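Asker: Sequence:
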Amino acid sequence: MKPVILAGGTGSRLWPKSRAALPKQFLALTSEQTMLQETVTRLKGTDSEAPVFICNEAHRFLVAEQLRVQNIAHDGILLEPVGRNTAPAIALAALHATQGGEDPVLLVLAADHLIKDTHAFHTAIDKAEKLAKAGKLVTFGIVPDQPHTGYGYIKAGDGIDNGYVVDEFVEKPNMDTAEKYVASGKYFWNSGMFMFKASRYLEELEKYNPEILAVCKQAIETESPDLDFIRVDADVFAGCPDDSIDYAVMEKTDSAAMVPLDAGWSDVGSWSSLWETAEKDTRGNVVVGDAILEGVNNSYINAEQRLISVIGLDDVVVVETKDAIMVAHKDKVQDIKNVVNRLKAEQRPEFEFHREVFRPWGSYDSIDNGARFQVKRITVKPGEKLSVQMHHHRAEHWIVVSGSANVTIGEETHFVTENQSKYIPIGEVHALENPGKIPLELIEVQSGGYLGEDDIVRFSDRYGRTENKGGKA
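Going letter by letter, the sequence shown gives residues 1 to 473 in UniProt numbering.
Do not take every clue at face value.
Below 27 Å or equal to it, Euclidean Cα-Cα: the simulated BS3-like pairs (lysine-lysine) are [said to hold, decoys possible]:
| hint | residue 1 | residue 2 |
| --- | --- | --- |
| 1 | K116 | K127 |
| 2 | K207 | K130 |
| 3 | K437 | K422 |
| 4 | K322 | K332 |
| 5 | K322 | K133 |
| 6 | K217 | K127 |
| 7 | K322 | K344 |
| 8 | K252 | K217 |
| 9 | K344 | K332 |
Hints were generated in silico from the structure; no laboratory data involved.
Keep in mind that this is a model prediction, so the values were computed, not measured.
Could you build all of it, start to finish, from the sequences and the hints given here?
Answerer: This is the structure in structure tokens:
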């Protein structure tokens, strides 16, 4: 069995924690592990091979780093040049998996789901694998514990070995319809998890949506490795139809089967769903971080950086990050998307980035700024190096706080240690490297007439990012 883990998506429903540059699958929301790491850990104890990951270009280093930290073996990180939904993404994975004449059973999982009962999950996998080996395209139907209007539903038909024939897929219902579905006992939530032989998915995709398959075949013909990543032809893939696996295949095929899953599943699609699945205190509150509550009931409080005090409120969600605070009634958290859309329309940085931004070499945190200056705290991992670069509009002053640095300015390289500093004039080619065994911490003071992250010209970069965009090198 070959796991295929879908790690795309922007996760805007959990703003301000989740943002375009750091969506929810890369956050630790339900444990000390990130949701991506939890997804892989959950596979321990199954008879599965090293997984394949699929993500977009912008998140490739996040995936690679989170796997490296957990020492997780993998069979490649497939990069989608542009988002084209789940049907093409899974087609790329199936084509990749069948290279060399192999035909594994694929277990397709989302990287951002919560599953509390791992044993029940493994039991469902075993049942699904038997059906998949018999040629079925299997989906996992979540046993509903309440009427829910936020999920699509699957209607179970006749029973077959280990599961059911799928009678139909239905869209998200209104509350009255959802109540009837749950009462009937025949309807299950659509989890978005699947299992099938790679060849069977490709056969059904060719039958019902041949254009997607043709484009994906052409795009992967030029598959090329790049560090941990597998790149496909970006121009070709951009012409692929945008469609989900549900619409492209599962709703059309006569080979769809369903295995019920009752394992404490949630797609963690909103702050209210995090409240629903978390352990609560005696007043029904969930508190993460430093908070003082007085007369508060049935609320979710998440403090990242500062003390939050909440007084005399019920059914609220309060989420604090370094640069934003979100307060909402628990029944209105779906309207967060309206706030995110406004941030995007106004081109505010809070749409895409946190104040602390992660890069393959480490991270930087913008801790202060003014009209002609900006102060950042930069962390460089041992052995890593920023790109060789130059800025047209700003000078930089680097002060080492801990660790050691090799600072290249022009043709000269300087070894700089704690409490020492270096000045980089406007227009000077420079680079920063951590040659030591511990993280390098330094303070960067930028000064100049324009301090935007797009003022960067890269000359060389060990991470293949010489397109001269994307912020701090």
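Asker: Would you mind marking each hint as holding or not holding in the structure?
Answerer: Each hint tested on the structure:
1. K116 <-> K127: 19 Å, holds
2. K207 <-> K130: 23 Å, holds
3. K437 <-> K422: Given pair K437, K422 holds - Cα atoms ~21 Å apart, limit 27 Å.
4. K322 <-> K332: 23 Å, holds
5. K322 <-> K133: Cα-Cα ~49 Å, so violated.
6. K217 <-> K127: 31 Å, violated
7. K322 <-> K344: Holds, at roughly 19 Å.
8. K252 <-> K217: 21 Å, holds
9. K344 <-> K332: OK: K344 and K332 at ~20 Å, within 27 Å.
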